[in-house]
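Undergrad: Chains as they are written, first to last, in this note's numbering: chain Y, 33 to 267; chain R, 6 to 307.
Just so you know, nobody snuck in bad clues.
In the PhoX-like style, the derived pairs of lysine-lysine whose C-alpha atoms are separated by at most 20 Å in a straight line are:
| # | chain 1 | residue 1 | chain 2 | residue 2 |
| --- | --- | --- | --- | --- |
| 1 | Y | K45 | R | K298 |
| 2 | R | K147 | Y | K98 |
| 3 | R | K159 | R | K147 |
| 4 | R | K297 | Y | K122 |
| 5 | Y | K223 | Y | K138 |
| 6 | R | K147 | Y | K77 |
| 7 | Y | K129 | Y | K251 |
| 8 | R | K301 | Y | K122 |
| 9 | Y | K122 | R | K298 |
| 10 | Y | K77 | R | K159 |
So, partial list: chain Y residues that the calculated Cβ filter (under 10 Å) puts toward chain R:
| # | residue |
| --- | --- |
| 11 | M75 |
| 12 | T108 |
| 13 | H114 |
| 14 | L115 |
| 15 | T116 |
| 16 | L120 |
| 17 | T121 |
| 18 | K180 |
| 19 | T189 |
| 20 | W197 |
| 21 | T199 |
Derived from the structure by calculation, the hints contain no laboratory data. Just so you know, these numbers come straight off a predicted model, no measurement behind them. Just so it is clear, CB atoms sit at the ideal spot from N, CA and C, and this is done for glycine as well.
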Amino acid sequence: MSDRILWKEGKVKRQSLSSILVHWSVALSTFVLIFSGFGQLPMYKRFGIVNLPGLAWAGDYPLTLKMHYLAAIVLTLAVFYHLTEIVLTKDFDLFPKKGDLREAVKILLAMVGIGKEPPSDKYLAEQRLSYAFIGSNLFILILTGMLKVYKNLPGITVNNALVLWATQLHNLATVLLVLGVLGHLAAFIAKPNRKLLPALFTGKVDLAYVQKRHSLWFKRLERQASSSQDSRHIG
Amino acid sequence: MAQPISRREFLKRSASAVAAGTAAASGLATTVQAASGAKRVGMVIDLTLCDGCNECSLACQRKNGHPINPNPQGLTPENYLYVQSVSIDTPSGTQEVHIPRKCMHCDDPACAGLCPFSINTKTPEGPVVINEDYCLGGQKCKAVCPWGIPQLKKGVGFYKKLEPLPFGAGVMYKCDGCIDLVRAGEAPACVTACPQGAIKFGSQEAMRAYAHERAAAISGYVYGDQEAGGTSTYYVSAVPFAAIDAALAVQGEQPRMPVNAENVLHGVNGMAQALLIAPVAGIFAAGFAAHKKLTKGDEANE
Numbered sequence: 033m034s035d036r037i038l039w040k041e042g043k044v045k046r047q048s049l050s051s052i053l054v055h056w057s058v059a060l061s062t063f064v065l066i067f068s069g070f071g072q073l074p075m076y077k078r079f080g081i082v083n084l085p086g087l088a089w090a091g092d093y094p095l096t097l098k099m100h101y102l103a104a105i106v107l108t109l110a111v112f113y114h115l116t117e118i119v120l121t122k123d124f125d126l127f128p129k130k131g132d133l134r135e136a137v138k139i140l141l142a143m144v145g146i147g148k149e150p151p152s153d154k155y156l157a158e159q160r161l162s163y164a165f166i167g168s169n170l171f172i173l174i175l176t177g178m179l180k181v182y183k184n185l186p187g188i189t190v191n192n193a194l195v196l197w198a199t200q201l202h203n204l205a206t207v208l209l210v211l212g213v214l215g216h217l218a219a220f221i222a223k224p225n226r227k228l229l230p231a232l233f234t235g236k237v238d239l240a241y242v243q244k245r246h247s248l249w250f251k252r253l254e255r256q257a258s259s260s261q262d263s264r265h266i267g
Numbered sequence: 006m007a008q009p010i011s012r013r014e015f016l017k018r019s020a021s022a023v024a025a026g027t028a029a030a031s032g033l034a035t036t037v038q039a040a041s042g043a044k045r046v047g048m049v050i051d052l053t054l055c056d057g058c059n060e061c062s063l064a065c066q067r068k069n070g071h072p073i074n075p076n077p078q079g080l081t082p083e084n085y086l087y088v089q090s091v092s093i094d095t096p097s098g099t100q101e102v103h104i105p106r107k108c109m110h111c112d113d114p115a116c117a118g119l120c121p122f123s124i125n126t127k128t129p130e131g132p133v134v135i136n137e138d139y140c141l142g143g144q145k146c147k148a149v150c151p152w153g154i155p156q157l158k159k160g161v162g163f164y165k166k167l168e169p170l171p172f173g174a175g176v177m178y179k180c181d182g183c184i185d186l187v188r189a190g191e192a193p194a195c196v197t198a199c200p201q202g203a204i205k206f207g208s209q210e211a212m213r214a215y216a217h218e219r220a221a222a223i224s225g226y227v228y229g230d231q232e233a234g235g236t237s238t239y240y241v242s243a244v245p246f247a248a249i250d251a252a253l254a255v256q257g258e259q260p261r262m263p264v265n266a267e268n269v270l271h272g273v274n275g276m277a278q279a280l281l282i283a284p285v286a287g288i289f290a291a292g293f294a295a296h297k298k299l300t301k302g303d304e305a306n307e
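Chain Y on its own, in the form it takes in the complex (with noise of 0.2 Å):
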């Protein structure tokens, strides 16, 4: 894990580079799949997207298709580094804990003026909840996804009644995906959440927004600086 204070800069590390790199690997790679995938329903000559300015190769089920089948190399691709990392490095700080689902309320609450925000982790609770919806989702998607990518290649028979439930159970899980997706990006309405955005492009965020909402896991990087040999911690 690669997060540390860094006190001269008045900032905390948050992410690494390939935490970066996975994130909008999966957010890029979901868009694309959506958007294709939704194409593939078929929606958007019925819905006149074809007929919106630029648009009008949506409605190209060939090229969509394609589309699908790249994004999801990516995704797939992004998804089983990210898995093998958590794995590798046993972080496992975006897991949902028990009681999130009550922390999540009292933050939403604390959002609106209700009550006090209690104290979090590097994590809010919302977005560890977040993470494993939006995570089981992906999951699922990809599994089906790849059963009917297997059953599409020359030669090969899968049982139809599997390809039915995977396909439905696919279909399913996308609407819950731009439910999850949407969720998480109405998060950023909230003036507080904004200060973590820096996070998902340089990695790092205000040392002063981790004290203060972040609590919890300034002092575990505080016990990591000064158990750390190597530790530059000068305050």
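Dock chain R against chain Y, hints included.
TA: Positioned in the frame of chain Y, the structure of chain R alone reads:
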């Protein structure tokens, strides 16, 4: 318990079996029992024998309970088999060619493979069948079919139950290869109705072999073996199919008969294989990155 049979009866039955086997292998039999073991079935449509009488289309309409239309002008939700007629100029003079058109029942059907709800399926027997109870009529199957075979019937089907949600338009209909008859060991209605014996039916391998034998015998051509990566319907013609397709185009006929028609699914085979190995590649990449990091850490500690 099996009944004992006389020597004369044994010889009679043996002769019948040999005759039936020879007939099937040579493509002269019109029916092969397909129900047992779900053996894939196929069909040969011999254009040198078809006289355009339209009996196959009428038999199809009767079999599917459709209103009888003696002179259909194309494939419709109530006419799954349409006989096209074209005049082709050949060195030996103008030839009238009649072409019964219906679903080709592809080996790797794009219509089924890309159905968004997987309710269009390739049956183990070979025919590609749309589940009319759940089809929403999105017409994607028609768009990805190299021949645009499935036809939309608006205002019917499952989507009506989903209203007012704006999903669906009707139901897609096409030839189902008379799958019920095939499963009962019988030949499709068009096969038995053809007075010219122009439509042969049997195991897919036997039909493919017969189509090529027949084409070789008349120095003709086969259509449907290579198209869309392979189908289970083989047209045999003495006239090149490129000429037939050109004539269809001139007449504004649908469906056309493009030689070497492509299969949308085959355009993504490479990417499909890459996707299936992507998990291994992801795991390997993460392992490599972790190893590099650890090695770097060890070097720094030394």
